[in-house]
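Novice: Chain by chain, the residues:
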Amino acid sequence: MASLKLVPVFVVLLAGSAFAQSYGIGHAASQAELAQDITISPTGANLPVGHGNAAEGKVLYVEKGCEGCHGENAAGGATAAPGLVAKKGPTEGDAWARGGIAVRSPVATILWDFIHRGMPLGNEGTLAPNEVYALTAYLLAANKIIPENQTLDQNNLAKVKMPIGDDWKRAPDWKPNSPRIPASLLKMPK
Amino acid sequence: MDPKSKSRRELLKGGAAAVGAVAAGAVGTAALAQTKVAVAGSGLPTYAENEAPMIATDDDLVAYGTRSHYVTSKRVPAIMNGYSRSSPDEFGLTFHIATPLQDSYGSIQASSLHYTATTKGAFIPDIDPAKHTLMINGLVDKPRVFTMADLKRFPSVSRFHFIECNSNSHSATDKNVQSSHGLTSNAEWTGVLLSTLFKEVGVKKEANWFVAEGAEEIKGASTMPMSKAMADVMVAYGMNGEPLRPQQGFPVRLIVPGFEGIFNTKWLRHIKAVDQYQLNMDDYGHLNRSTLGAAMIYQIGPKSIITFPSGGQKLPDKGWYEITGLAWSGQAAVKKVEVSTDNGKTWKLAELKGTAHPMAHVRFGTMFNWQGGEHLILSRTTDAIGQVQPGRDELAKALGVPVTPAWRPPGNNNTIMKWKINADGSVTNGLA
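Chains as they are written, first to last, in numbering that gives the first Met the number 0: chain E, 0 to 189; chain R, 0 to 431.
Note that these hints are calculated values from the structure, not bench results. It is possible that some hints are incorrect.
Stated by the list, open to error - Short, incomplete list of chain R residues facing chain E, as computed with Cβ under 8 Å:
1. N136
2. M280
3. G300
As the list claims (entries may be wrong) - Listed below are the simulated PhoX-like cross-link pairs for lysine-lysine, each with C-alpha atoms no more than 25 Å apart in a straight line:
4. E:K87 / E:K160
5. R:K198 / R:K151
6. E:K174 / R:K203
7. E:K174 / R:K204
8. R:K174 / R:K141
9. R:K396 / E:K168
10. R:K141 / R:K203
11. R:K119 / E:K87
12. R:K334 / R:K313
13. E:K174 / R:K335
14. R:K347 / R:K334
15. E:K63 / R:K119
16. E:K87 / E:K57
17. R:K347 / R:K335
18. R:K73 / R:K313
19. E:K158 / E:K168
20. E:K160 / E:K86
21. E:K86 / R:K419
22. R:K73 / R:K203
23. R:K73 / R:K151
24. R:K317 / R:K335
25. E:K174 / E:K160
26. R:K317 / R:K344
27. R:K203 / R:K130
28. E:K168 / R:K119
29. R:K73 / E:K174
30. R:K335 / R:K73
31. E:K174 / R:K198
32. R:K73 / R:K141
Claimed, not checked - Derived coverage of chain R by chain E (criterion: at least 3 residues anywhere in the stretch with Cβ under 8 Å from a Cβ of chain E; other residues may be distant):
33. 95-105
34. 149-163
35. 205-216
36. 225-233
37. 265-278
38. 312-319
39. 423-431
Backbone N, C-alpha and C fix where the C-beta goes; we use that ideal spot for every residue, glycine too.
Given the sequences, and given the hints that come with them, work out the whole structure.
Specialist: What follows is the structure, given as C-alpha cells:
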C-alpha cells in the first residue's frame, strides 16, 4: 500500500513540525476544554491534587453505592459486578491469578483512573478527587497492598508497590509490515 | 405472510390499474404454459400458483429499506472461551455480540449485522453529533478541538478494514461459525487519517505514543504507538456508505487496522500525544508475563475460516458445492488461501473474490464435488508479508506447549479451524 511506504517521510515532516501541512480547521483548545483531559500518567503526572485513606474510603464505599453492586467488604456476590478483593486472600498464590484491577495492575494509578472514569456505574464522573483517593486506599488496604493507615495523594499514589511488581511485559514496538510474532520470540519447531 | 403484504390482484382491483392487469395477463399466458412444463415434477409451484404477494410500500419503507421478512439471520450475545454474558446484562450494559458469518456474502458485513463489543460492558451513548467534539492535546504544538463538521472538511479516505476481538477463539466446543468466529467483521470505513490531524496540531518529537479515549460511561482509553498513527490509523465517521451506527461508535471512532478490537476506540472524544506507555485501564489487559504473550494479544495474525459448509449446516445432496469463507491478516493483505478437503493431506488454491485489501477480510471460494463420504475441510491463508496461518499442532510446538482438544492458544487464536462433513451431509465441529 502506497501510504505505508510514506511513513519515513511523515516522520521527517513531523520532526520539524514547521513543515507540516496545516489547513487551519478546528479551533484552539480553550482552558475549559483542556480541563476535560482526565488522562493520567503511570508516573502520577496529571493526577489532580487530593488525598484520602482507607477509613474514609470504607465509609464512601457504602455511601456511594459501591457495596450495592460489589458486595459487602468488596467481596462480590451482590450482583454480576465482580468482587474487588483477591478471591483466595490477598497474599495467596500467584499475583497474576489473584483477581482484577485492584490486585493485578502494575501501578496503582490504573485503579485510581478506573474508579475516576467509570464508577460508580450509572453515576460515573461524580466522584471528587479526594473520594477517589480514599476509595483507592480502601481497596488497596483490603488487598493488603498498603497499610490501613496510609494516606494516598497525588505524590505517592504512583509509588505504591503492587503485587506483580515489574513481572510484566508489553507488546514489542510496532513497525509497519512487521510480523505479528517476531521470530526471535518463538521456540523453533522440533 | 407479512401482514403488510397483499396479493397484487387485491391491490390492482378497479380503475386504470385493472386495465393494466388485464393487458399484462394476456401477454403472460403463453409464458405461463411453458413454465408449467419446466417445473413439472420438480415439486416447485408453477408460475401461476406462485403469484407473489407484495410488500405494501409505506413512508418508512420509502425512507429507509428493510430486509425481507424471509431473511431472519441475526446476531447473538457471544460465548467467549466458554464464558457467556448476556447483552444487555443486568445493568443494561452491552458486552460482546457475534455476527452470523454463516449467512454472509462477499467480503463486508451489513452495518446492522457487524459484530459489536465493549470492553467491560458499556451503555451505548446517544450522542448528538452537533454537540460532539474531538480534542487533540498533549505533546503537540497547537492543542485543537474539532467538531464533526470540522472533521469532514479534511481530506477523506475510504478503506476496507476488519475489526476482530481478541476473544474470537474457536475450540472443539463451538457448534457453528457464529460461535467460533463471529467476533470479527469487515466494513468500508470513511474518515480522515489520524496522521492528517496530527500534522494539523504539530506533534512534538518526544511523542512516541498516543492515548485515544471514548465518550461512553467508562471513557475507555488505550495507548497506541505513534508509528501506527502515522501509518494507517483512521478517525472514521462513515461505515458502508452511511454514518456509523451507535453500536459502532457514532458519530466518530478510531479504526486501527489489524490491531485487536479494543484499540478501535468508539465514540472517540479525546486523543492525547504522550511520551510513554500510559497504562490506562484498557492497556492493563494487554500486559503479559512474557513479550511473546503480550504480542499475541496485540495484533491479529493471518487467519481464515470456511463459512460454508460450516457447523450446523447440511449438504442436502451429493454433487457440486462452492466451499467459501473469509480470510484476513492484521499486518498485510491476504496473498492466497488454500483449501483442503482431506484433513490437510492435500491443498488446493482457492479463488479470491475481488481485491484483497490490507488488513481486510477477503472472500474466497473453491468448487467441491461431494460424493457422500466424510471429509474434514480446512482453510489456510498466507499474507503479503509471508506469514502463514498455523495449525493448532504447529503453533503449540512453536510455543513449546502440549496440545489437547481443549487447548486454546493464548491471545487471539488464528489457528486453522476444521469442519467435518458427515456421511449424511450434516456439518459439525471437526476439532471435536
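Novice: Can you give the numbers of the hints that this structure goes against, from lowest to highest?
Specialist: 8, 12, 21, 22, 23, 24, 25, 27, 29, 30, 32, 33, 38, 39
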